[in-house]
Amino acid sequence: MSEAPRTDLAYLPFERRIQEVEKQLAELEQISVRTKLDISSELEALRTKLQQTIGDTYRDLSAWERVCVARHDKRPIALDYIEKVCDEFIELHGDKVFADDKAIVTGLARLDTRRFLLVAHRKGRTTKERMAYNFGCAHPEGYRKALRKMRLAEKLHLPIVCLINTPGAYPGIGAEERGQAAAIAENILQMFSLKTPIVAVVIGEGGSGGALGIGVGDRVYMMEHSYYSVISPEGCAAILWKDGAKTPDAAEALKLTAPDLAAMGLIDGIIAEPAGGAHRAPMVAMQAVKRQILTALDELEALPVETLLHQRREKYRRAGALPGRFPVVT
Amino acid sequence: MSPDFAQPPSDRPVHAAGEAAGDPAQEAAGARWKKKELPSGLWLKCESCAATIYRKELEEKGRVCPACDFHFTLPGRERIKLVLDPESFDERFADLGAMDRLRFNDSTPYADKIKRTESKTGQKEALLCGFGSIEGRKIVIAVLDFSFLGGSMGEVVGEKISLAADLARTHKLPLVIFTSSGGARMHEGMLSLLQMAKTSAALASLNEAGGYSICVLTNPTTGGVTASFASVCDVTLAEPGALIGFAGPRVIASTIKQELPPGFQRAEFLLEKGQVDKIVRRSEMRSMLAKLLDFGAGATAS
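If you read the protein sequences in the order shown, they are chains A and B. Counting with the numbering used here, you get residues 842 to 1171 for the letters of the first sequence. Counting with the numbering used here, you get residues 3 to 304 for the letters of the second sequence.
Derived from the structure by calculation, the hints contain no laboratory data. It is possible that some hints are incorrect.
As the list claims (entries may be wrong) - To be clear about the criterion: a stretch of chain A counts as covered by chain B if any three or more of its residues have a C-beta under 8 Å from a C-beta of chain B, and this derived list gives those stretches: (1) 1022-1028; (2) 1066-1073; (3) 1095-1108.
The structure displayed is predicted, hence computed values, not measured ones. Cβ coordinates follow ideal geometry from the N, Cα and C atoms, glycine included.
Whole structure, please, built from the sequences with the hints as guidance.
Structure, rendered in structure tokens:
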């Protein structure tokens, strides 16, 4: 499956060469239309060059560049997965206590014949939408909504799929008043006891506790150009370097990329993205995520529930520790 | 074009489980908390009411200001001395020390920071744990020590909390935790964030076995510690005036660009908002814990 490269993209700073070649290509295409000259071989050569340029540019991205890709305006977000990949989706709103936090969307979903509960951070496509969804920064009621729906999934014997894409949980007065920390803590704790498979995928930003609050899973995957971090690179630079300009250094130091985290054994796998990032071929990227989710669910649903829960706890209990590093209490 | 990507955006809210922590030792939860160690000299100034206090008097009162009742942050060993029966502390896992897995280097390599802090504090990590007793009632105790890199939670702190929960489960003893922490230790990256999950996994197993846990939140407790084990014990206590929250006050103020209401994120505020069970003064902590342990006898007897 492939898609034509998109040309309506905002370019990231490191994509300058891609931008130049795409501009040349667009000009040549115009000339071809205007003059009706046969320049198909030149066009073909330029298209090949474009693919090479995209490949070269993305082959060895720095940590900070990956963070930029993870935050890209056109990167597929939860709404894209819901509208374009899910075969069915029934949104279920609200924590039934305080509010319906729009920064997290929950609902009953289907991929092919597979039914499950979807829990996802919600970002918008337009400025208006982004503001309405608070840029994917959830309040306590968002986490409580997620937990309530996850309990429903457990009861209905539906697996849970979490799509993570948040800069972090919202730091505000109301959030603190209503127990932001406690809401996240409760979710993390309860997710270790939910008797149903949980698959989590970081599709963009894995921002700290706000990500982990819906991020405990039997399988946790990261898309190739997503990131997952204890603190935002901006926050880390401000605190440790006391200099916002050091953000790229902080991103590097935090080892927050999918390859770094896979190498430390902290995630279960990386989902490859199309050349030039998910935003250049969203359907291809989303189909890869779908395949990984379905494969993981097949594996997990074959396990007895006791094994599933035991393995889930053990996985986090080991959490990247070097072999033999810690004693065992029996 | 997307100008947002041109430069590291400066106006993005800062998000972190270790948020308030920062370089936890220094940054903790606002400038006010910078100095956790009492300055030397006979006299010192209360960091809350600015009263001049005679050092000996402060120490005798368990580091509580005689003028305004402000509860100063207590180093881990002093806490243990104050809470447990004399000579009852049987420390475990004291040899577990931090590793610099990321080779993290900002102004000082993390590895050097660890070494320096080890020699300064005489302990290998920010968490002290083991067996002990309170007025004769045997417990497993875990104490986060703010004087060790701001009580921040890295791999070893998370592991020791989990091991303490395991001890409580296997020995059928109540678990009592004291926290003071800036949150997750960012020098250990995702490994430190995942300690939030690791400790929760251990607590889930303790809960399943019917274990009983009490957490006492002391000044300051923020970030990934508040957002994990510290918030999900069976009973949550707090010391008066303790700063307790998810994000640090500076981060919140800079995100919402407003001044924070007086008393925001203090223990009394949390009590008012229904986030803690009870505020207990330091002088009454031992007797209150003893009573709560008696009420929990049924949980751990099985």
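Evaluation of the provided hints:
1. 1022-1028: Since three or more residues must qualify, the claim that chain B covers the segment 1022-1028 of chain A holds, with 5 doing so at under 8 Å.
2. 1066-1073: holds (count 5)
3. 1095-1108: holds (count 6)
Against the hints set out earlier in the document, no violation occurs for any number.
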